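Asks: Here's the letter readout for the chains.
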Amino acid sequence: MKKSLLALALLGAFAGVAQAQSSVQIYGTLDAGLIKRTDQSVAMGKRANNTLGFKGTEELGSGLKALFQLEIRYEPDTGTIEQGAGGVTRPLFQGQSRVGLQGDFGMVRLGRGLTAFQESSAAFDPWHGVPTPAGFQTDLIVAGGYTSDPLGSPGNSTNRFSNALFYNSPVFSGFQVNTTVATKETSNTTAIIGRGTSAAPQYRVGGEASANPFSISTTYKNGPVAAMLAYERNAIETKLWSIAGSMNVVPDLKLMASYSRQDRGHTELLNEETKAWVLGANYTMGASKILAGYGQKRPDGQVKTKQFSLGYEYSLSKRTYVYVDASRKKANASINHFAVGVNHSF
Amino acid sequence: MKKSLLALALLGAFAGVAQAQSSVQIYGTLDAGLIKRTDQSVAMGKRANNTLGFKGTEELGSGLKALFQLEIRYEPDTGTIEQGAGGVTRPLFQGQSRVGLQGDFGMVRLGRGLTAFQESSAAFDPWHGVPTPAGFQTDLIVAGGYTSDPLGSPGNSTNRFSNALFYNSPVFSGFQVNTTVATKETSNTTAIIGRGTSAAPQYRVGGEASANPFSISTTYKNGPVAAMLAYERNAIETKLWSIAGSMNVVPDLKLMASYSRQDRGHTELLNEETKAWVLGANYTMGASKILAGYGQKRPDGQVKTKQFSLGYEYSLSKRTYVYVDASRKKANASINHFAVGVNHSF
Amino acid sequence: MKKSLLALALLGAFAGVAQAQSSVQIYGTLDAGLIKRTDQSVAMGKRANNTLGFKGTEELGSGLKALFQLEIRYEPDTGTIEQGAGGVTRPLFQGQSRVGLQGDFGMVRLGRGLTAFQESSAAFDPWHGVPTPAGFQTDLIVAGGYTSDPLGSPGNSTNRFSNALFYNSPVFSGFQVNTTVATKETSNTTAIIGRGTSAAPQYRVGGEASANPFSISTTYKNGPVAAMLAYERNAIETKLWSIAGSMNVVPDLKLMASYSRQDRGHTELLNEETKAWVLGANYTMGASKILAGYGQKRPDGQVKTKQFSLGYEYSLSKRTYVYVDASRKKANASINHFAVGVNHSF
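Chains A, B and C are the protein sequences, given in the same order.
Each number in this note's numbering comes from the position in the first sequence (counting from 1) with 150 added on.
Each number in this note's numbering comes from the position in the second sequence (counting from 1) with 150 added on.
Each number in this note's numbering comes from the position in the third sequence (counting from 1) with 150 added on.
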């Protein structure tokens, strides 16, 4: 709408932005394969998230840059926008929608995206953060059932903040600090009873967060060694802290370990803690990569979960690989998961 | 589907359009900031509309061009498609979806977009048409409560026609005529009782418009002077007319004024008129711009509304600016609005 | 998520895909016009499908290519995502969402798209497969009421498989074989009683397909002659077979004929068959093209349907044409359809 009356004249009405032209970059991922799970028929599905993104930067001079990023998420097997639990459609730009500035001070962005903890911890998952049941990111690395967005719309992703400010520091001697702080706005349509009653739930429908959600991660990277220390508190004051490290013992072999602890003491009276740990390895041989992981999740007063996974990726090129995954997850019963598919980045 | 059987063979099935390649231009805006309103918590929100658009033209020879434009609207704080009143999701291409031809005769387009009046009047709003409560476009310039699309789906925007033909004349000695005419199709799911009864509403659910909605604006631009005269009638025959003018008294100072009148006589028995006027100024100093405006809205038989707003924009570059807005709107009670944020075009 | 911890550091968090850059191609169609149907007001609508697509390929060496294609469908008259029966919104990438590999062996893709039969048969419709009521593709060429996706979500398109594997063979001496096979997954929310009872429907809500849906078409193309033989079986085991041929008797005149037969014997006790045939012609004179077609649909034990259509396309350029269609469809009553509009590819 930044246009003069002249711009309303013939040409301008179509011209839109009359300013210096930018170059928007389109990128994304399409990942599809076949999945067989214990007690279910063979189904088509994904191993990684499927994205179609738009991003760009603008040089502002003096080393300052403006930048934006919008990332659609979708389900390639059915063509729909990404769906959460119960088939509920997620936001169009589920991946992220952020605008910000970058300079010597680091990077500041506003909008919606992965929290500092959720983004940093992916480097210590042997499945590099993809949401397949063979990976450890979505369950064990968050110490089982933790969600970054408990007061979001039903079906929303559980590892993002909406209405948030994101700050990434510059890297000092291998150290970086990443923080995310959100406003108290919520879009919840389901009450959380918590320590209240169904008549007076602790968090009512449409109510506000009881504290500003925030997330902080400090990362360290020096040659073959990397480490992370992270802390996050969500809108209902569940707390999660996590420590993780990795080491390339030889260049082709990366070993990784993480330990996470979730504290639901603000909403639960009993059994408020869950602890989890994961050990993993990636071994690269030319175009081949072997992934292996083992982990346990131990919720207070409940049966513990053990997960063992083995995977193989073969790169057809820099942007395309095929994969095979096999995993077993055992709590009271065992569930096996087997998947084969193709992942293409563009 | 314009492809031969050969095209169905291997290559063609993937090739899609086998015709002369076009160059689609991607453009958009990402605007996000923090907002504080009287009686509400600090929230993240937008000042301007957020768009992600696709457009292109094709030279047809003899000065004739074919053109199209598709414009996604979204909410960057949550990543969703733009939402209207009550959180109802708007059409994906809420911005516009139009195809047409342009030549010596002017420009003709079919589809959905801003009406002639709604598009022309933005040039006389000191907030250049952005939908922030600090601006005057969405309430005072339309004489309070007028909507261009009363029979559209709930949550739809109030300044567009669907199913419409858009014509913009060439510019003759500074004059241009813009017209928009829509078919009588509606998508309303809520009856409008109007002069009927709840048993027999004047406009029933799924019923037709009682007349073809249309909008016409005549604009004039000559050096420092600009003016507009506009008239619009919507699907339930509410009428709006508006007159506006602006003048750059010195190159850096633009003064503007507008007067609008809404007549709901077709659906109301009493108090069918609302009048409104707005005075505004923009003062530019290098990268800085000061925005100021004052206006009143006077609905028949109801308390009048007064609005005063002050804003500041600082351009970091041609495509990025930061802004601060402060405004007070007073009818029975006063509501203050304060916002700070960043706007990036790409 | 394929990024090292270093990538989580400042730059990487914004960089996303750190791999070899691809070039995504954007393409699409915008088609809008005015439609008059017997007993209805003049409405704005489309003749062809409206698409906004993203596609790309990656050379893998040795003649192997990776490829993807994502295709948004929308309604330009209202700006919404494409809507099916009853105004139900279809998937965002209704057109297709597929990833695959292409080489000497042919092309293999995973995801969602037109079935082999539905894609091949468009070449024998005088309206080249566009979904206008003047064309024959959506009703007569599928022998009336056949749907490729009977257990899909309500409003879904009727000519696609979700969760499918697509294979197109290379062309051998003019012959090509195309096959589509889907998993048994369904998203149906409406039971199909079929040969069951309302208490125990043959296909219950959320139930599985009783067999893997598949589609196969063999096509032949040699100079002026083309032919197709196709067979398809959907998730409720309705069977459709179709034979079609076309010939350019002179280069400018293409004659075409098709015969299809639908067998609903798996879900119906009586009148399970529908037969249909279509004769068509396309005559090209410079920028002009005349389209003509006549066909009949004969459902067992029901009145037969006769359709006659006449159309004219005038190309303003390689990517833009205007059109006029007139058609009459007669079963018990006659319905006339008249349309005029513009189609622009980009």
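In short, the hints are calculated from the structure, not lab data.
Be aware that one or more of the hints could be misleading.
Put simply, identical chains are the same to the list, so a pair is met inside one copy or across any two.
[Stated by the list, open to error] DSS-like mimics (lysine-lysine), calculated; alpha carbons at most 27 Å apart, straight line:
{"hint": "1", "residue 1": "215", "residue 2": "205"}
{"hint": "2", "residue 1": "480", "residue 2": "205"}
{"hint": "3", "residue 1": "425", "residue 2": "456"}
{"hint": "4", "residue 1": "456", "residue 2": "389"}
{"hint": "5", "residue 1": "186", "residue 2": "334"}
{"hint": "6", "residue 1": "215", "residue 2": "389"}
{"hint": "7", "residue 1": "334", "residue 2": "456"}
{"hint": "8", "residue 1": "205", "residue 2": "456"}
{"hint": "9", "residue 1": "456", "residue 2": "186"}
{"hint": "10", "residue 1": "334", "residue 2": "389"}
{"hint": "11", "residue 1": "439", "residue 2": "215"}
{"hint": "12", "residue 1": "454", "residue 2": "205"}
{"hint": "13", "residue 1": "215", "residue 2": "480"}
{"hint": "14", "residue 1": "215", "residue 2": "425"}
{"hint": "15", "residue 1": "439", "residue 2": "425"}
{"hint": "16", "residue 1": "425", "residue 2": "205"}
{"hint": "17", "residue 1": "215", "residue 2": "454"}
{"hint": "18", "residue 1": "454", "residue 2": "480"}
{"hint": "19", "residue 1": "389", "residue 2": "425"}
{"hint": "20", "residue 1": "454", "residue 2": "334"}
{"hint": "21", "residue 1": "334", "residue 2": "468"}
{"hint": "22", "residue 1": "215", "residue 2": "456"}
{"hint": "23", "residue 1": "205", "residue 2": "468"}
{"hint": "24", "residue 1": "389", "residue 2": "439"}
{"hint": "25", "residue 1": "439", "residue 2": "480"}
{"hint": "26", "residue 1": "454", "residue 2": "468"}
Keep in mind that this is a model prediction, so the values were computed, not measured.
Asks: Now tell me, hint by hint, if it's right for this structure.
Replies: Hints versus structure:
1. 215 to 205: Classified as both: same-chain Cα gap 13 Å, cross-chain 26 Å, threshold 27 Å.
2. 480 to 205: The answer is neither: 41 Å in one copy and 41 Å across copies each exceed 27 Å.
3. 425 to 456: within (12 Å within a copy, 58 Å between copies)
4. 456 to 389: within (23 Å within a copy, 47 Å between copies)
5. 186 to 334: between (41 Å within a copy, 12 Å between copies)
6. 215 to 389: neither (34 Å within a copy, 47 Å between copies)
7. 334 to 456: neither (36 Å within a copy, 31 Å between copies)
8. 205 to 456: neither (40 Å within a copy, 41 Å between copies)
9. 456 to 186: within (19 Å within a copy, 48 Å between copies)
10. 334 to 389: Cα proximity of residue 334 and residue 389: one copy only (16 Å, versus 42 Å across).
11. 439 to 215: Close across copies (21 Å), not inside one copy (36 Å); limit 27 Å.
12. 454 to 205: Classified as neither; 42 Å inside a copy, 45 Å across copies.
13. 215 to 480: neither (49 Å within a copy, 40 Å between copies)
14. 215 to 425: Neither: 41 Å inside a copy, 45 Å across copies.
15. 439 to 425: For residue 439 and residue 425, the Cα distance exceeds 27 Å both inside one copy (29 Å) and across copies (54 Å).
16. 425 to 205: Neither. Shortest intra-copy (37 Å) and inter-copy (44 Å) distances fail the 27 Å Cα cut-off.
17. 215 to 454: neither (48 Å within a copy, 45 Å between copies)
18. 454 to 480: So residue 454 and residue 480 pass the 27 Å test inside one copy only (8 Å; across, 60 Å).
19. 389 to 425: within (12 Å within a copy, 54 Å between copies)
20. 454 to 334: neither (34 Å within a copy, 34 Å between copies)
21. 334 to 468: neither (42 Å within a copy, 33 Å between copies)
22. 215 to 456: neither (46 Å within a copy, 40 Å between copies)
23. 205 to 468: both (21 Å within a copy, 18 Å between copies)
24. 389 to 439: neither (35 Å within a copy, 44 Å between copies)
25. 439 to 480: within (26 Å within a copy, 63 Å between copies)
26. 454 to 468: So residue 454 and residue 468 fail the 27 Å test inside a copy (39 Å) and across (57 Å) alike.
When the structure is compared with the earlier hints, violations turn up for hints 2, 6, 7, 8, 12, 13, 14, 15, 16, 17, 20, 21, 22, 24 and 26 and for no others.
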